[in-house]
Structures are given as structure tokens and as C-alpha cells.
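Q: If you want the building blocks of each chain, they are given just below.
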Amino acid sequence: MEITTGWYLVLGALLFVIGGTGLLIRRNPLVMLMCVELMLNGVNLSFVAFSRTLGDIGGQTVVFFVLVVAAAEVVVGLGLVVAILRRQPGSTADDLSALKG
Amino acid sequence: MVDTLVFVAAAVICLVGALGVVLARNPVHSALMLVMTLFGIAVQFVAQEAHFLAAVQVIVYAGAIVVLFLFVIMLLGVDRAQNLEMSFLPVQKWAALLFASGSLAVVVALIVVVGEPVTGVHAMGGTLGGTDDVRLLARSLFSDYVYAFELTSLLLVIAVIGAVVLVRKPKQTNPVAAEDGGGT
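These protein sequence lines are chains A and B, in that order. Going letter by letter, the first sequence gives residues 1 to 101 in my numbering. Going letter by letter, the second sequence gives residues 1 to 184 in my numbering.
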């Protein structure tokens, strides 16, 4: 059995969906951020698969930028988590409903 | 044959790690499972001849980001186990499962129906081929995507400043700062 692009895309979709589900059902903000990383990695895998199929380096360049943005996102996200949990120790995403109006 | 074996092994590693991230009760275990998934993805990158990205994946993700996660977990002491059943809103689990199965079905159906999903314009930055993906990536990064590259440097500076501002302890309101107008 030969591994075609579709297999990589299906694996990327599975990772994306697992990450999205985790983002919806977990309430620990740290684990939610990890699930966002899972989703980004699923998309990265699709980009690299397309890059190889099309013979175009652009897909790999986009993955490079996604890595940078993911790093920035984690830095700011963890900063927020630290600031919030320092104020209200042990709070989950359900406790942070001050802006719900 | 070897390709198939590598793909299957790495895919199993990725999926087990991903499920571990979602299902582990202890955030430390989630972070370690995330490392497993990221290594699996790195193997997939190598299998698709993206050697530089595989190295960056291991160094940046597994080396920096997950360590940052573990650092924050240890710093905050939030490594208590979360009871997975307690904290759901009533319909949340079912809504999440509906989302998961629905979007997975749509995406997989698209991939299967379209078959060989090649669209778009070919090779703006240079065609792949051979093993010098670092050279191609660098050329593309510093020619076609140079503005985006500069913007990412700005983004990183903003992120660093934002993290410092966010995590800084709020200053005690002392009379001196209140008198001189308070710069903040």
C-alpha cells in the first residue's frame, strides 16, 4: 500500500479534530492551550503534505511562520494564565466568566 | 513498504499522544503526551523530505514550548488532577462530540471525494526537489516572504513585551507614584 497525500491529510484532520474536541471539553486553561498546539500541528502536517505534492516550497515557509506565531501565542497565553491563576488560584475556564455580560 | 511502516508507526504515535493530551487528568501528563505527538509529527516531516522543519519542530516545539508549559505548570502548582466528569456544562460534552464527528466527517469526505486535491498556482518560491530544502526555504523566506518575516520579528517583540507586562506583579500603590501623576 502506497502512502499518498490523502493519508497525511487525514492524519492532519484527525489531529485537528482531537485538538478541537479537547479545547471544547477540557477546562484547564493550560490543557486548552496544548490542544490549540495540537490543532496547529494538524494544519502544519497538511501544509507539508501539500508542499510535497505540489513541489512548492511555499507550504514549508508557511509552516515556519505558523511555528513562530505558535511560539508567540504560547508566550502571551501562558502569561495570561499565570496572571489569572495568581489572582484566583485553581480557577478553570468556567470560572472566568466575568466578561459574559 | 518502508514508507508505509514509517507512516503507520508515526501516525500511531501522533494519535496516541493527541488522545493522551486530551484525556490525561494531570496537566503534566498532557504536556508529556504533547511531546510524543510533536515527535511523531517530526517523523512525518522527515518522511516528506522537510528535514529542516523536522529539526525546528523538535527544537522549538518539544524543546521550548513544551518546556515553557511544564515550567508554568510547576510554577503555578496546578498539577492537581482534574475530574473529567465534574466540570462539564450539561450539553458541552455532546456538543463537542457532535463538532468532532461532524467536522471529521466533512473533512475526510472531502479528501476522499476530491481524491488528488491539487489546486492552485505552482511554485512561487521555487520548486522542491533533491535534498537542499534549507537552501530553498531560506531563499523563499528572504525573497518572497521577506515582509512577513520582518512582521514576525515585530510579533515576537510584542509577545515578549506583552508577557512581561502581563506577568509583572501589580505595583503597590505608594503615595509617591500617586502624587506625580502615575505614569501608568
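It should be emphasised that the hints constitute simulated quantities derived from the structure, not laboratory data. Since this is a predicted model, take the numbers as computed values, not measurements. For each residue, glycine too, the CB sits at the ideal point set by N, CA and C. Be a bit skeptical, because a hint or two may be false.
[As the list claims (entries may be wrong)] Part of the chain A face toward chain B, derived, beta carbon under 10 Å:
#1 I3
#2 R26
#3 L38
#4 N44
#5 L45
#6 V48
#7 I57
#8 L67
#9 V75
#10 L80
#11 L96
#12 A98
#13 L99
#14 K100
Q: Report the numbers of all earlier hints that the structure fails to satisfy, in ascending order.
A: 11, 12, 13 and 14
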